[in-house]
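Asker: Sequence:
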Amino acid sequence: MVRLSIEGHQVQAPANCSILQAFLYAGETLVEGVGCMGQGVCGSCRVMVRHSGEQEVKTALGCETLVEEGMQVAFLDYFTVSSRHRYRLDEIGDSWQALRALSEIFPEASHCRHCSGCDRACPKGLDVQRGVNLAVAGELAESSDVFDECVMCNLCTLACPEHIRPNHLGLFVRRMIAAQSLRPANLMRRLQQIERGDMKIDFDAPGAQPPR
1 MVRLSIEGHQ VQAPANCSIL QAFLYAGETL VEGVGCMGQG VCGSCRVMVR
51 HSGEQEVKTA LGCETLVEEG MQVAFLDYFT VSSRHRYRLD EIGDSWQALR
101 ALSEIFPEAS HCRHCSGCDR ACPKGLDVQR GVNLAVAGEL AESSDVFDEC
151 VMCNLCTLAC PEHIRPNHLG LFVRRMIAAQ SLRPANLMRR LQQIERGDMK
201 IDFDAPGAQP PR
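Counting in the working numbering, the sequence shown runs from 1 upward without gaps.
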């Protein structure tokens, strides 16, 4: 068993627990910000973590971060910005228009200060800044690869002084790539499952409940 602080609550949990599992193990109730347990989307369980003996506070995902003795954890609220990037892929036309569309929809992307704040904020360790720069340079396929594991947690957007919203830029690039090429087979199968209503929330799935 390890002892840690989550949202100011002193809790104990097995050492192989994730932060989310430890919170449940302690008898607390998770009411929001938990996408993988039927309450939102992946990327919602954003937390700030300070490890014992360290001063630096780091961002992480509560679902995949194991608890440690003396760890301090605080959940980060999800947020939405006042203005959104609006576009329709079917109105952009063929791939010859991709760079024009990107510069018109995300004009702030070319203002990157190369401060690496987005890289430090990303809980998945993605090269966010590189992905933005590749998109601006027209290397859309390479940019899409950078953002392939993005969970849309919005932390890079929160960290960017130029309000670039890198995760949404990455999503746009990935959508463009998919719209202009053959769709991935696994994505087509998953969409069919959703349309048929086959996707069920399994609260007994491995990792959904704290270990006993």
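Hints in this document: simulated from the structure, not taken from any laboratory.
Fair warning: there could be bad hints in the mix.
Claimed, not checked - Computed Cβ-Cβ distance ranges for the label pairs, DEER-style:
{"id": "1", "residue 1": "48", "residue 2": "193", "range": "32 to 42 Å"}
{"id": "2", "residue 1": "55", "residue 2": "89", "range": "41 to 51 Å"}
{"id": "3", "residue 1": "95", "residue 2": "149", "range": "47 to 57 Å"}
{"id": "4", "residue 1": "5", "residue 2": "171", "range": "30 to 40 Å"}
To be verified - Calculated lysine to any residue pairs in the SDA-like style (CA-CA distance at most 20 Å, straight line):
{"id": "5", "residue 1": "124", "residue 2": "34"}
{"id": "6", "residue 1": "124", "residue 2": "36"}
{"id": "7", "residue 1": "124", "residue 2": "50"}
{"id": "8", "residue 1": "124", "residue 2": "168"}
{"id": "9", "residue 1": "58", "residue 2": "69"}
{"id": "10", "residue 1": "124", "residue 2": "137"}
{"id": "11", "residue 1": "124", "residue 2": "200"}
{"id": "12", "residue 1": "124", "residue 2": "195"}
{"id": "13", "residue 1": "124", "residue 2": "66"}
{"id": "14", "residue 1": "200", "residue 2": "188"}
{"id": "15", "residue 1": "58", "residue 2": "188"}
{"id": "16", "residue 1": "58", "residue 2": "110"}
Predicted model, so just to flag it, every value in this text is computed and none were measured.
Just so it is clear, CB atoms sit at the ideal spot from N, CA and C, and this is done for glycine as well.
Asker: All the hints need checking, so say for each whether the structure fits it.
Answerer: Going through the hints against the structure:
{"no.": "1", "hint": "48 x 193: 32 to 42 Å", "in the structure": "35 Å, holds"}
{"no.": "2", "hint": "55 x 89: 41 to 51 Å", "in the structure": "45 Å, holds"}
{"no.": "3", "hint": "95 x 149: 47 to 57 Å", "in the structure": "24 Å, violated"}
{"no.": "4", "hint": "5 x 171: 30 to 40 Å", "in the structure": "34 Å, holds"}
{"no.": "5", "hint": "124 x 34", "in the structure": "17 Å, holds"}
{"no.": "6", "hint": "124 x 36", "in the structure": "16 Å, holds"}
{"no.": "7", "hint": "124 x 50", "in the structure": "17 Å, holds"}
{"no.": "8", "hint": "124 x 168", "in the structure": "16 Å, holds"}
{"no.": "9", "hint": "58 x 69", "in the structure": "16 Å, holds"}
{"no.": "10", "hint": "124 x 137", "in the structure": "24 Å, violated"}
{"no.": "11", "hint": "124 x 200", "in the structure": "26 Å, violated"}
{"no.": "12", "hint": "124 x 195", "in the structure": "30 Å, violated"}
{"no.": "13", "hint": "124 x 66", "in the structure": "14 Å, holds"}
{"no.": "14", "hint": "200 x 188", "in the structure": "17 Å, holds"}
{"no.": "15", "hint": "58 x 188", "in the structure": "36 Å, violated"}
{"no.": "16", "hint": "58 x 110", "in the structure": "27 Å, violated"}
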